[in-house]
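*Asks:* Listed below are the residues making up each chain.
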Amino acid sequence: KQEVTQIPAALSVPEGENLVLNCSFTDSAIYNLQWFRQDPGKGLTSLLLIQSSQREQTSGRLNASLDKSSGRSTLYIAASQPGDSATYLCAVSKTGANNLFFGTGTRLTVIP
Amino acid sequence: DVKVTQSSRYLVKRTGEKVFLECVQDMDHENMFWYRQDPGLGLRLIYFSYDVKMKEKGDIPEGYSVSREKKERFSLILESASTNQTSMYLCASSSPRGLAEPQHFGDGTRLSIL
Chain P
6 KQEVTQIPAA LSVPEGENLV LNCSFTDSAI YNLQWFRQDP GKGLTSLLLI
56 QSSQREQTSG RLNASLDKSS GRSTLYIAAS QPGDSATYLC AVSKTGANNL
106 FFGTGTRLTV IP
Chain Z
15 DVKVTQSSRY LVKRTGEKVF LECVQDMDHE NMFWYRQDPG LGLRLIYFSY
65 DVKMKEKGDI PEGYSVSREK KERFSLILES ASTNQTSMYL CASSSPRGLA
115 EPQHFGDGTR LSIL
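If you read the protein sequences in the order shown, they are chains P and Z. If you count the first sequence from 1, you need to add 5 to reach our numbering. If you count the second sequence from 1, you need to add 14 to reach our numbering.
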């Protein structure tokens, strides 16, 4: 069964710092990997989706990478802002199915 | 923009009650999903549906059922609510076209069973 791990569980950084969030998964047979953002008491917002054949995706200050063979993904956030404070979740979809397996998230706090 | 709407943000019910959680999406998506989110456990898939009247069990279907009578609506049913079903419930939808289709989530329903 696919297991997804995110480390660290929580992270605090000063405003303006660049940071990296980590995600690892046990089964490399994935269709794609998604990074989501969740604000307290809210649903999930999709940030980036990387297909299994891709190595990275970029959107604004966000860059996600995927190394399928080693079962790892990173989310790089450049020039962090207080508005980036949220929980970040990664999820993988397994080959042949539509459902996602989620990590437990990294709670990010950007200090002004 | 895709809109996934869950009928209630907060809901309080009693043990043994039959509970209905409703979800509607406006993008004609084929796939719809119900997850629950618990601290330390993350999101876990309860049921999903890839077409009207079709359903598939997820990882934790026990104590739940679903209904998909129309493409835009996916209902989660707790047949006889129990306290261990107190949780945040999240609905999502997606299109199955290709590999580059993200899941879109509603704002969630925080359900308390007393």
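Simulated from the structure, these hints should not be mistaken for laboratory data. Wrong hints could be hidden among the right ones.
Unchecked claim - With a straight-line Cα cutoff of 25 Å, these simulated DSS-like cross-link-like pairs (lysine-lysine) come out:
1. Z:Lys32 <-> Z:Lys71
2. P:Lys99 <-> P:Lys73
3. Z:Lys85 <-> P:Lys6
4. P:Lys47 <-> Z:Lys17
5. Z:Lys67 <-> P:Lys99
6. Z:Lys84 <-> Z:Lys32
7. Z:Lys17 <-> Z:Lys67
8. Z:Lys84 <-> Z:Lys67
9. Z:Lys69 <-> P:Lys73
10. Z:Lys85 <-> Z:Lys69
11. P:Lys47 <-> Z:Lys67
12. Z:Lys84 <-> Z:Lys17
13. Z:Lys32 <-> Z:Lys69
14. P:Lys99 <-> P:Lys6
15. Z:Lys32 <-> P:Lys99
16. Z:Lys84 <-> Z:Lys69
17. Z:Lys85 <-> Z:Lys32
18. Z:Lys32 <-> Z:Lys67
19. Z:Lys27 <-> P:Lys6
20. Z:Lys85 <-> Z:Lys67
21. Z:Lys71 <-> Z:Lys84
22. Z:Lys17 <-> Z:Lys85
23. P:Lys6 <-> P:Lys73
24. Z:Lys27 <-> P:Lys99
Claimed, not checked - Here are some chain P residues the structure puts well away from chain Z; computed CB gaps all over 10 Å:
25. Val18
26. Asp32
27. Thr114
Even glycine gets a Cβ: it sits at the ideal position worked out from N, Cα and C.
*Asks:* Which earlier hints turn out false for this structure, listed by number in ascending order?
*Replies:* 3, 9, 11, 15, 19 and 24
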